[in-house]
Amino acid sequence: MKCLCYYREKIENKISGSFLFNKPPKFDFYPEDTHCHNDLLPLYVLKTEPRKVITLQIGIFKARETVKVCKNCGRSYRSKQLCRLVAPSCNFGYDVLVYVGNAIFLHHLPDLVIVEQLSRKNIHISASEIAYLGKKFIAYLTLAHRNSAARIKNAMSSNGGYILHLNATYEEDSPLLMCGVDSIMQIVLGNVKMRSEKSDTIIPFLHDIKDLFGQPLALVHDMSAGIIKAVGKVFPNTLDFICHFHFLRDIGKDLLEKEYGHIRKRLTHHGITSILYRRMHSLKLKVNDKWQLIDLVKSEQQPSLQYRACA
Numbered sequence: 001m002k003c004l005c006y007y008r009e010k011i012e013n014k015i016s017g018s019f020l021f022n023k024p025p026k027f028d029f030y031p032e033d034t035h036c037h038n039d040l041l042p043l044y045v046l047k048t049e050p051r052k053v054i055t056l057q058i059g060i061f062k063a064r065e066t067v068k069v070c071k072n073c074g075r076s077y078r079s080k081q082l083c084r085l086v087a088p089s090c091n092f093g094y095d096v097l098v099y100v101g102n103a104i105f106l107h108h109l110p111d112l113v114i115v116e117q118l119s120r121k122n123i124h125i126s127a128s129e130i131a132y133l134g135k136k137f138i139a140y141l142t143l144a145h146r147n148s149a150a151r152i153k154n155a156m157s158s159n160g161g162y163i164l165h166l167n168a169t170y171e172e173d174s175p176l177l178m179c180g181v182d183s184i185m186q187i188v189l190g191n192v193k194m195r196s197e198k199s200d201t202i203i204p205f206l207h208d209i210k211d212l213f214g215q216p217l218a219l220v221h222d223m224s225a226g227i228i229k230a231v232g233k234v235f236p237n238t239l240d241f242i243c244h245f246h247f248l249r250d251i252g253k254d255l256l257e258k259e260y261g262h263i264r265k266r267l268t269h270h271g272i273t274s275i276l277y278r279r280m281h282s283l284k285l286k287v288n289d290k291w292q293l294i295d296l297v298k299s300e301q302q303p304s305l306q307y308r309a310c311a
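Residue 311, in our numbering, is where the sequence shown stops; the numbers in between run on with no holes.
Hints in this document: simulated from the structure, not taken from any laboratory. Treat the numbers as computed from the prediction; the structure is a model and nothing was measured. Glycine included, every Cβ here is placed at the ideal spot set by N, Cα and C.
Straight-line Cα separation of at most 20 Å, EDC-like style, residue types lysine to aspartate or glutamate; simulated pairs:
(1) Lys229 / Asp240
(2) Lys198 / Asp240
(3) Lys71 / Asp39
(4) Lys52 / Asp28
(5) Lys135 / Asp95
(6) Lys80 / Glu49
(7) Lys193 / Asp173
(8) Lys68 / Asp28
(9) Lys233 / Asp222
(10) Lys62 / Glu49
Quick list of simulated restraints, FRET-style, between CB atoms:
(11) Ser126 / Ile184: 40 to 48 Å
(12) Asp211 / Tyr170: 19 to 27 Å
(13) Phe27 / Gln215: 49 to 57 Å
(14) Thr142 / Asp39: 28 to 36 Å
Let the hints inform the model, and build the full structure from the sequences given.
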């Protein structure tokens, strides 16, 4: 079965556009507009920009783009056809950007594995470029998310409204990551990095969510004093609930802290903690090699949830 999957992938790659040409072809791109949109005057050639473009759809090709300008207002015009494939002054196409973003944030693949996958598609890229495209993907996703705020709001309204679930996570000395999620549709409404969980830093974040998506039906969060104070100021007349998980966890900590410390010391004393960490690391490597397992687990956890794309 593994052999069949390998040859199927190989055949699919060979018939893709990235394998059509032995040498990168050359294409000329011109602005579709002939007159300025502002003052209707004819456009003049400003410059010609050559660059190498890399896409999954076509492969590698050399683009020579003619940029025109309006002499009156100074507005420049580019080829819309090329801009649909790749951003201005960039080399990697949008399809490569999306592939990298999905591989990193949905399949949780390491950079070197993505490099290997793309090389099989005749797309040669370095690990540092993968890391850069991952950050760029998040920036584009943020813009798409904010531009889709009205559609997300309408989808939640047609579903009866939304319940805002707030939580902040952090690791050691890293900044806090405050996240707001609709508990009904499981849509992330916003997130932001903060230096602390004080109310003054949380209030602007809550105002932003309120401006974009309106008043929630209710709020759910932990017992942080900063969150409680911020919620009281931004959503004073909205139902407010303490998360059961955080409530029970804090009770368990108060009641069982002594026993938990004893168990932790015994695990460390007998070397069990290090064994568990090694086992976790080995399982993580296996899952990275078989990233389809992650999608399978997600589908089994939420079999009935079907969402429409909002971006």
